[in-house]
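K.L.:
Please put together the full structure from these sequences, using the hints given.
2 protein chains.
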Amino acid sequence: MRTYLDCAPCFMKQALEAARRATSDEALHQEVVRRTARELALLDMTATPPFMAQKIHRIVRELTGNLDPYREVKERTNRLALGLLPAVRRRVRNAGAPLEMAVRMAVAGNIIDFGLERRFREEDVEDVLERAAVSPLHGGFEGFEQDAARASSILYLADNSGEIVFDRVLIEALGPHRVTVAVRGRPVLNDALREDAIAAGLTDVELVDNGSDAPGTILEDCSDQLRERFAAADMVIAKGQGNYETLSGAHRPVWFVLMAKCPVIARHIGCEPGSFVLQKR
Amino acid sequence: MRTYLDCAPCFMKQALEAARRATSDEALHQEVVRRTARELALLDMTATPPFMAQKIHRIVRELTGNLDPYREVKERTNRLALGLLPAVRRRVRNAGAPLEMAVRMAVAGNIIDFGLERRFREEDVEDVLERAAVSPLHGGFEGFEQDAARASSILYLADNSGEIVFDRVLIEALGPHRVTVAVRGRPVLNDALREDAIAAGLTDVELVDNGSDAPGTILEDCSDQLRERFAAADMVIAKGQGNYETLSGAHRPVWFVLMAKCPVIARHIGCEPGSFVLQKR
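Each protein sequence line maps, in turn, to chains A and B. If you're matching positions, the first sequence starts at 3 in this note's numbering and goes up one per residue. If you're matching positions, the second sequence starts at 3 in this note's numbering and goes up one per residue.
Take these hints with a grain of salt, some might be off.
No copy labels: a pair is met if it fits in one copy or bridges any two.
Heads up, simulated DMTMM-like pairs for lysine to aspartate or glutamate below, C-alpha to C-alpha not over 20 Å straight-line [to be verified]:
| # | residue 1 | residue 2 |
| --- | --- | --- |
| 1 | Lys15 | Glu41 |
| 2 | Lys15 | Asp46 |
| 3 | Lys263 | Asp206 |
| 4 | Lys282 | Glu144 |
| 5 | Lys282 | Glu77 |
In case anyone wonders, no lab produced these hints; they're calculated from the structure.
P.N.:
Structure follows, in structure tokens:
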């Protein structure tokens with residue numbers, strides 16, 4: 003998915019948000035905003051939005067010297083999600099169609115995302131679980147179970163910390179022995195790193211980091227190992243908006259699992275903002 | 003009020019919004035966004051926000067050749083507000099304290115503003131009138147009636163079209179013979195021009211245009227006539243956010259009448275976003 007002009011104000015907001023998380027020094031916030039504005043003047047509209055977001059978060063880290071501004075947020079959301087794990091597992095266990103419910107819980111986890119404008123509120127979690135359990139799934143479950151049954155190797159591209167605990171429930175339903183979970187190679191936003199996957203208890207899967215600090219999966223920016231897994235896996239499951247933005251035009255089928263929080267992404271998918279999406283493209 | 007970094011994403015949004023109103027040519031939208039980004043890289047944080055907004059709307063007009071992108075919006079909101087005029091006048095007539103109710107109705111009119119992010123919906127108008135009639139007035143009515151009673155000349159700085167019809171009700175309550183109404187000198191956003199004041203039926207007041215195309219009252223950018231009226235008037239009433247932003251640090255007392263829609267302005271005033279404000283400073 004290319005970059006749209008609607009992304010420009012959002013990039014600016016994201017830069018300011020990250021700068022404020024990284025430091026309390028207002029002169030540095032201002033410098034981040036100015037540098038971001040200079041990048042926006044040269045915005046490559048043919049690139050995917052995470053390409054620009056990667057630049058922005060590099061600017062924030064470089065100017066503030068804070069190499070992981072979202073670290074505390076990530077630890078907090080991992081803990082929060084782990085506390086919800088028994089309830090989420092129970093929903094899956096008691097469901098008539100456990101794999102579909104596991105997908106729904108993974109989508110629900112996608113709201114635990116501090117990278118975007120609308121803040122997640124902790125008291126909303128139970129509501130979201132309930133909504134995810136019963137809401138229509140844009141794209142639909144059809145084909146997912148069959149693809150999963152046939153696959154002897156599944157590459158699962160994780161998105162944010164916190165939500166990665168919910169991914170674990172889907173990975174358990176798929177059968178961890180055949181799943182490779184990919185996380186980001188270096189800190190960017192609240193995206194999950196290897197340490198977050200381990201904190202989430204993903205210890206019985208193959209864990210790879212993608213070698214990149216983009217908040218998405220820009221294949222050219224990823225390690226050879228990631229690209230090989232991406233090409234060779236029988237099934238690829240890509241979680242969250244950043245992975246959708248960067249892989250919606252990929253040369254192989256990918257199952258996208260996300261909540262379409264951003265209106266531009268929702269329009270690209272062809273659904274209403276806020277929709278729960280399971281879509282193969 | 004100076005410019006805050008939170009204004010940066012908002013400027014970008016405003017530029018894009020205005021560009022899309024001005025033309026359907028996407029290449030021009032992109033050029034507006036890039037030019038705005040270049041201006042943001044040089045943002046003067048000591049200037050008031052309307053100083054930057056003035057630049058942005060000049061960029062939009064220059065690049066698109068559309069000299070008044072909000073003209074249709076202005077005509078539509080004027081018509082809409084005129085349709086509400088009898089109901090608004092009735093509320094004032096039937097109120098125990100008619101002048102205070104007229105102030106409240108003028109504040110309510112301030113929501114008819116298409117320049118900002120949150121879109122006004124026509125079906126909300128009656129709700130807003132009712133809320134404005136009963137909500138607490140941040141700052142309070144105290145002193146306003148006394149100042150008005152003593153004044154033999156009142157300068158009323160108008161804000162947007164549409165809402166200027168609601169201003170008329172307050173001006174009628176003040177006594178039009180001693181009121182000078184100032185509108186913008188040239189088109190910018192949906193701000194009221196001379197033609198909007200006339201469409202609103204403001205025909206029994208002295209009408210001046212301020213000579214400026216800023217969406218606020220930047221005194222140095224205004225005509226000598228406006229500056230003289232501003233210095234000499236016994237009472238100045240400034241309507242809306244743009245006039246607050248540009249005159250909150252003025253060297254004379256000004257009565258500000260507005261709905262604090264923007265969270266940055268609300269923080270500067272010391273009230274909750276969405277508050278109805280009547281404040282002398």
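K.L.:
Compare the structure with each hint and give your call.
P.N.:
Against the structure, the hints come out as follows:
1. Both within a single protomer and between protomers do lysine 15 and glutamate 41 lie at most 20 Å apart by alpha-carbon distance, with minima of 14 Å and 16 Å respectively.
2. In this homomeric assembly, lysine 15 and aspartate 46 come within 20 Å of each other (Cα to Cα) both inside a single copy, at 18 Å, and across copies, at 18 Å.
3. Taking the shortest Cα distances, lysine 263 and aspartate 206 never come within 20 Å of each other, neither inside one copy (31 Å) nor across copies (51 Å).
4. Taking CA atoms no more than 20 Å apart as the test, lysine 282 paired with glutamate 144 passes inside one copy only; the shortest distance there is 10 Å, against 64 Å between copies.
5. Taking CA atoms no more than 20 Å apart as the test, lysine 282 paired with glutamate 77 passes in neither setting, with 31 Å inside one copy and 47 Å between copies.
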